[in-house]
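S.K.: Chains as they are written, first to last, in UniProt numbering: chain U, 1 to 388; chain P, 1 to 388.
Calculated from the structure, these hints are not laboratory results. Careful, some of the hints might be misleading.
Just so you have them, the derived chain U footprint on chain P, three or more residues with Cβ under 8 Å [claimed, not checked]:
hint: 1; segment: 44-52
hint: 2; segment: 76-89
hint: 3; segment: 112-123
hint: 4; segment: 297-307
The structure displayed is predicted, hence computed values, not measured ones. Beta carbons are placed, not taken as given, at the ideal position from N, Cα and C, and that holds for glycine.
2 protein chains.
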Amino acid sequence: MTVTAPKGFRAAGITAGIKASGNPDMALVVNDGPDHHAAAVFTSNRVAAAPVRWSKQVVTDGRVDAVVLNSGGANACTGPEGFQNTHTTAEKTADVLGISAADVVVCSTGLIGEQLPMDRIVPGVDALAAALSADGGHAAAEAIMTTDTVPKEAVFAGTDSTGRPYTIGGIAKGAGMLAPGLATMLVVLTTDAEVQPEMLDAALRDATRVTFDRADSDGCMSTNDTVVLLASGAAGASPDPGSFTAGLTQACAELARKLIGDAEGASHDIAIRTYNAASERDAEVVSRAVARSNLFKTAIFGKDPNWGRVLSAVGTTDAVFDPDAVNVSINGVQICQNGGIGQDRSLVDLEPRDVLVEIDLAAGSAEATILTNDLTHAYVHENSAYSS
Amino acid sequence: MTVTAPKGFRAAGITAGIKASGNPDMALVVNDGPDHHAAAVFTSNRVAAAPVRWSKQVVTDGRVDAVVLNSGGANACTGPEGFQNTHTTAEKTADVLGISAADVVVCSTGLIGEQLPMDRIVPGVDALAAALSADGGHAAAEAIMTTDTVPKEAVFAGTDSTGRPYTIGGIAKGAGMLAPGLATMLVVLTTDAEVQPEMLDAALRDATRVTFDRADSDGCMSTNDTVVLLASGAAGASPDPGSFTAGLTQACAELARKLIGDAEGASHDIAIRTYNAASERDAEVVSRAVARSNLFKTAIFGKDPNWGRVLSAVGTTDAVFDPDAVNVSINGVQICQNGGIGQDRSLVDLEPRDVLVEIDLAAGSAEATILTNDLTHAYVHENSAYSS
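The shape of chain U in the complex, shown without the other chains (with noise of 0.2 Å):
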């Protein structure tokens, strides 16, 4: 159920002594082909950590051999120094295995800021590599925690059309700073189907664009989102794109559902689906102004079905739609009705930690549905006093 459950992968997950906790904090994926293709997209962020102006030059062939992660650092404004350490960690992993450090991406999560303690990473590297295994996917999960509660990881089985059968796994992490244009958040996919690098990079932008693009927790940016997918062709199965594509967006989904279900003190997971948009960008950019209004989120956290709050979000943008046409229901029960009152609010049960809240914009036939979490005590406590 993980990044190891397609054929031709190994990982492991190790304590390298980053962390203060001595929880595991470092975590490889090795590709043993015979394919190493690879596609790679990361943060929109400007301020872009070490290790991701790192991979993405790594990216740029199509070729990746291995994933080396850390969790206990961002290495993000670390710097010319913070630059050669991600150097560092990508030539140490490729000496152990025998690679080139130009097909090893590194990505790093954590504190801003700070150098990472070498010392810990480069013996790290090695244990990693004696530790590596065909079942070390979980501990891979487990090493890339930082805020998480629980390590998160899918996979998703098809055939091509032949009959012929192909996975996809994947972990990911990530929790707090969950945005868009990605999360805070490190994902590396496999898969065992023989795919060219240019058919995994189509398809790796059209998954996260639907999925984690749209897993928006608090509207803050990364400076290290990384999703990586690496394919070995070890199942000699060749899916068609679209095929091919809806599994990866299946994938993609759930590791997305397992980011906002596990986001820093949010007591609600809320799925914001705006229908009836004359285009899917208009559905979109409502979902995301309610998914984005503390005012709303904090609401939500008092079990308060407050859809006027939801309607002044949606006020904000330049979606087309008539205010005094606009249909707002949560859980079901359609409060807002043209843009006024419609059924009563005590109707609303807020109880569960699933909401839906479901805006009829009554101007098309599109939609789009942003995935984000109230705003809690919890969250404030956890980012007041956690430094990352």
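Put chain P on the given structure of chain U with help from the hints.
M.R.: For chain P alone, kept in the frame of chain U given last:
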């Protein structure tokens, strides 16, 4: 020190019984002339409350005789019945004052999506008319409070080029939902200078652009924001546009600081100044991005000078800057230098309520400052428990 400081104005604040608390909830400001010039700016929220829709029409001819305000109900998302209620309130006010309803601005603040209790509002107007006095400004400031803990007033005393004195006075309310393109915020400004409507309008837009528009407590935009400026001409002074705008800006800045200083649940008032920007727009965009970061705002609540969260917010903007040239100071300590680690973060003292974050973009010579607050347990509590 309030709207009745300038000559030619009377005001009142009374308890009409709209609020369950029994606190004052209706206010009236009357311009007795000789001039009845006016200008106003309103929320840019497309879901505009009934009083906003009404008052936009009232000010188009540049004449306003009275402003009637209520707290305890926003009259937003209330459909045709809500608009009729605003109309009735204006008609009743015109009736008791012997003026035209077309010259009565109406402002409401409170919960969205509920009809106003007109059986309280209509007798409230009678009570307001009976209570009008030349020193009623403070009572008016108290009657428009919602979650505000203190009334907010300001005054500016100036002279025209011939040495003739004039005064600008103002009252404001607003605590939650403080945001861009205005905050939930009702503001009444008065002056006894002789100023034509066109100059009033230009001065008001200039003043709000750099004051209320840059007070961004929680990023949420209200359906009801209104800033209205009335000129009586009673002082006989004719200030030039530049000095009048400067005085008005000073009064607005004082009110904006008081709004931020009383924001819901805040424990720090934060000024985010971006300088050496390529344009004022860039500086404003960067400061606002930081002001909107929940992670930054929770860090300040936790007295954590987490500059990584400042840089990660800066990196989400399209402003001109080189990530390796940005400097960040918090309360005078330059903790980020050239995009990397600067002075020791332990040198930053975040005990005082006032916090100054300075971001040097090293890209030009423009600057702008956004005022905001930290994100606290009290904010979450107030906004999860208070349906507004």
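S.K.: If a hint holds in the structure, say so; if it doesn't, say that too.
M.R.: Results of checking the hints against the structure:
Chain U is given as covering the segment 44-52 of chain P, and this holds because 5 residues of the stretch bring a CB closer than 8 Å to a CB of that chain, at least three being needed. Given a C-beta distance limit of less than 8 Å, the hint that chain U covers the segment 76-89 of chain P holds, as 5 residues qualify and 3 suffice. Beta-carbon proximity to chain U at under 8 Å applies to 4 residues in the segment 112-123 of chain P; the threshold of 3 is reached and the given coverage holds. Check result for the segment 297-307 of chain P against chain U: holds, 7 residues qualifying (beta carbon to beta carbon below 8 Å, three or more required).
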